[in-house]
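**Q** Now for the letters of each chain:
4 protein chains.
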Amino acid sequence: METKARIAVLGGSGYTGAETLRLALGHPNLDVRHITADRHAGKRMGDVFPHLGDAGLPALIKIGDVPFDDVDAVFCCLPHATTQEVVKALPGHLKVIDLSADFRLKDPAVYEHAYGRPHGALELQAEAVYGLTEHARDALRQTRLVAVPGCYPTGPQLALKPLLAAQAIEDDGIIIDAKSGASGAGRSLKEHLLLAELLEGFQSYAIGTHRHIPEIEQGLSEAAGEPVRVSFTPHLVPMSRGLLSTIYVREKPGSDRGDLEQILGEHYADEPFVRVRTDGVAAGTHEVRGTNRCIISVHADRRHGHAIIVAVIDNLMKGAAGQAVQDLNVVLGFDETAGLGATALFP
Amino acid sequence: METKARIAVLGGSGYTGAETLRLALGHPNLDVRHITADRHAGKRMGDVFPHLGDAGLPALIKIGDVPFDDVDAVFCCLPHATTQEVVKALPGHLKVIDLSADFRLKDPAVYEHAYGRPHGALELQAEAVYGLTEHARDALRQTRLVAVPGCYPTGPQLALKPLLAAQAIEDDGIIIDAKSGASGAGRSLKEHLLLAELLEGFQSYAIGTHRHIPEIEQGLSEAAGEPVRVSFTPHLVPMSRGLLSTIYVREKPGSDRGDLEQILGEHYADEPFVRVRTDGVAAGTHEVRGTNRCIISVHADRRHGHAIIVAVIDNLMKGAAGQAVQDLNVVLGFDETAGLGATALFP
Amino acid sequence: METKARIAVLGGSGYTGAETLRLALGHPNLDVRHITADRHAGKRMGDVFPHLGDAGLPALIKIGDVPFDDVDAVFCCLPHATTQEVVKALPGHLKVIDLSADFRLKDPAVYEHAYGRPHGALELQAEAVYGLTEHARDALRQTRLVAVPGCYPTGPQLALKPLLAAQAIEDDGIIIDAKSGASGAGRSLKEHLLLAELLEGFQSYAIGTHRHIPEIEQGLSEAAGEPVRVSFTPHLVPMSRGLLSTIYVREKPGSDRGDLEQILGEHYADEPFVRVRTDGVAAGTHEVRGTNRCIISVHADRRHGHAIIVAVIDNLMKGAAGQAVQDLNVVLGFDETAGLGATALFP
Amino acid sequence: METKARIAVLGGSGYTGAETLRLALGHPNLDVRHITADRHAGKRMGDVFPHLGDAGLPALIKIGDVPFDDVDAVFCCLPHATTQEVVKALPGHLKVIDLSADFRLKDPAVYEHAYGRPHGALELQAEAVYGLTEHARDALRQTRLVAVPGCYPTGPQLALKPLLAAQAIEDDGIIIDAKSGASGAGRSLKEHLLLAELLEGFQSYAIGTHRHIPEIEQGLSEAAGEPVRVSFTPHLVPMSRGLLSTIYVREKPGSDRGDLEQILGEHYADEPFVRVRTDGVAAGTHEVRGTNRCIISVHADRRHGHAIIVAVIDNLMKGAAGQAVQDLNVVLGFDETAGLGATALFP
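Residue numbers (the working numbering), protein chains in the order written: chain R, 1 to 347; chain P, 1 to 347; chain D, 1 to 347; chain Y, 1 to 347.
It is worth saying that the hints were derived from the structure and are not from the lab. Certain hints may be false.
Which copy is meant is left open, because identical chains are indistinguishable; a pair holds if it fits in one copy or across any two.
Unchecked claim - Listed next, the in silico SDA-like pairs over lysine to any residue satisfying Cα-Cα at most 20 Å (straight line):
| hint | residue 1 | residue 2 |
| --- | --- | --- |
| 1 | K95 | A114 |
| 2 | K190 | V281 |
| 3 | K43 | V281 |
| 4 | K4 | P58 |
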């Protein structure tokens, strides 16, 4: 392989595909060779995403027309279910960074329950590494298939895994009240996502049934060493990007807010993309816009023995394309921060 | 008193004052005689709020210049602390609907703790009726001083008081995760409230310390018949109006989601402004924009024995000026819905 | 006819239909008997527009199922082209207030050129009254078919017709730079109307080709007494409602800014819904949100002999449903302001 | 000088200062040594701008405390009037990139008329190079003081200068209808800039009197070779960033839309930051968000002999900090695109 990895982006007409391309354009070691889009094949990127119209990207083609010999790695930004069929058919030399939900759940029964159909590529699922980068580096270095975490699961897992592993919080009674910008819903044409309808609207949805729940529980259970069950309520915020999770936990006897903050602070002390804020101010999504960062803060609950943890990310970055690039950087042995150095765009 | 009550609005240059005036203009029984504004005295309303510039409202004067003999009732839209001094000095014949926090807390010690100073009008505080209309009609009919509830406390109290009174939910462990539009912060000139900074930002603030907490706990404790302590986390949403509370509760043994929904449904069956939604869809703030309504929905938590309740209001309406007008309607014996019949403005 | 007119709203699942229903609910003389929606027939209004879910409105039915004997007037909120077929088939006793573009253009050739097809109901088109209310009252009192003006044409016509009629401005060289909120695009599912894409985007579109151009020119030509040709550039603003037109005109020799202001001021002195602002401040859309008003201000251009006129409306109100109700009020002899008394919703 | 230029940012607590710092952090040849802020001296950057809180920037100090021996170049992001006093006092070895309005106007009388006071540093004003980079490279290479153009003047000058120089358009009758996001107003605490008030409001302001007018006219006159007078109307858009100018021009006899497009296309063919769009679609601000680009499109007016030109920039980038960095790159002989390679952030 050359210093520059030759990549293909499968599914370039959605938000995660476009964001992956934006990052690839600013990445010193990535060279975008091919972009696919089923319905839009034949168009130029600028027809689908005007902001990428002048970047010299290749035109959109069908997956079947990609000469994969010419490619080292693919970012797979396709819908779930479709994805497993596509990945199964890819040549074995490719590194595959998959942004769909298809390879995230280890337990086939959990997958089937969440997605209403049996998994169609169980061997690949078994092989896939769950790419929550800060908690998966060793495995990432040895895999060719990465399941990039979902947007909602990323913040809560980064915040809670070290605390559960350290036995600092109880593993039952965890409540995650999550709020996401509209780009988290993808480029889907639904009335409630129109600006005219959403601009002055704030709403919750899929209470207790969101498909990201088993993914969160899988990660937390692994950290806790026993099954963890959470309450999870997503909300839609009238903004484009940003995802904030307000997490309610019970401290184990002997632990207090300061302990939780310290555990997290030490765990992530050397991490380039995770910051534990200790000045008492809860992070806002504007601090991470356009960046691959997760900011976590720990607050005292008024109820003795409880704490409130806030975690923010940019849902398209650390919640999708940013983490995908971070994962590929690890897989290919690049500097993990390559192409991900942006400071937040504010105001 | 004539069929039209003659009113004065004290503090017409803030959002609650302006909203009260907007409602008074559409109210068949209210006649705005005087509007005060300390700093802006001498100006016309249109100088302070252009949208009211053509409504034929009186110019702004100082409180000292109001001929109160000419007035039947006042809406007091002044800052807390100032309010108690002003109300103390008002003539006794006036009905006073106070939108500040000054007369909401029954316990002087709680007030002093929350506001950092002793209360300056304890007799008035004792006399004041807490105007959560649906739960205070009898008292409202006999009082001359109403403390209009705060924006955050309104939804959770409407949702939880019947459930606590019916012993359907546990009175400990209640978590209120609240999200408010920016008008809830008032017309205060702070950088983080500028559109340029807030538009793509979602953030929490005052975690565990917000001054509305004792007010919520006072109302819930009254309903429960014993002290209730809640966890309360407010968030700021990049929108103008709207307030959604996501409330996590534990059911008492023998109660389930359906029971909670039924208790609320029956309790509010005949209420014009409270609706319990039973179609499984969680309400959004766009459904109540510009109205005096509170919409409540009850959802199953994934954790057995728990439920999630969503309550939405327009923070300037049922959360402030709307409820203030509703209270005055009761106090003066008008039709309770007079001036409050608006359908939500959407999109 | 009873004091209450029995109405049907044809096309209740779009924004103009919903807004007409919102107004009808607050109208003392209108009684909504039937609502139609082709694709959504069988649903309740609350399924299509949650904010109307609790208003006691009839369920959606197909047009063919409306018992028109039971109806006095219809608001027709259907797509253009479809409309003319539907209106042709309606019983003759009905008053028809049509919010589509189908009956606005008097000249069949102009219609055909703009809409790419011959008109299918030329007799009705000849009979229809163009319902720019302030300029059409006499005709409205004697018609049964009203073509409600488009959103873009309303403000510029209100601002320019009196000036052209008074020979105060030149009839060539008029430039209209218009900016509309996203609800003006209707409830159409297009990617660029998604909140995620539009929120931080401002863009122009259809430069020089928008179908509202012939409608504007028809009205201005009528006032000028000779053909007027304008330059018209629409823009899409990241907000839900509101439409502002910045209009560049040349004064006739002998006229100056003050003259234009005076002509407009006198022309509209007694109008309840048109206000000429004379304090030098240009109106903003927030001053008319939710109202049926048009605010006009006249400003000096730096170029001698030129002036700049700003006109704002709420595109769904005076730009659609509000003017439709105003028209019906005139047609049926009701108080022209009935149901339209709202003060702007701000903030 | 080392490969890295050591810079100071004077005025780090406003939007242009913050944006300059954001760019400097991603610039391979800039090393931020000092940041000043008068009122906020003593604070850390993260106290003033949380999104810069973790970037390792120096704390804020007073200008008097900057050891300028340690500095090669300063970005001056101070208010006008203050700026000229500060710059006068700076050591002579410094390259000064000034983002204020103080050194933009060549004619002292024009400055005095626009700013209501005589200029206090006329020698510096004479020396300053107006840094519209694409039109000023030779002068930039030889100066030590650059006046970075204002946000509104940048797009129209880039669009019109080549056309005036080529005698393709008339130099009278130019109308610039400009629309800016709220960050263009700076971090000023004004009620109409609060999200609650601006979110659903679109408004024009300072019609015919904006201080950017003489700056625009200076640049256009220079290109035309004779005095050009324009009509300029700014508007405030409810978005954070982005500035779109809709420009109405008359073609010289013999020129048509295609000629204008061709002249601009050829003029900017090799420019990295200026793109002439030729697909008939007018550019939107979302295509340039976070980038240093200007996109221009030329459209036919319906009036024969006229054309409409649209130019978009990010007001904080090509309209302020981005162009400032581009200017410094030229002054110091760096790659002109260094630190400015970002692709637009969308959605």
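**Q** Now look at each hint and say whether the structure bears it out.
**A** Here's how the hints hold up against the structure:
no., hint, result
1, K95 with A114, "neither (27 Å within a copy, 54 Å between copies)"
2, K190 with V281, "between (36 Å within a copy, 16 Å between copies)"
3, K43 with V281, "between (46 Å within a copy, 16 Å between copies)"
4, K4 with P58, "within (17 Å within a copy, 35 Å between copies)"
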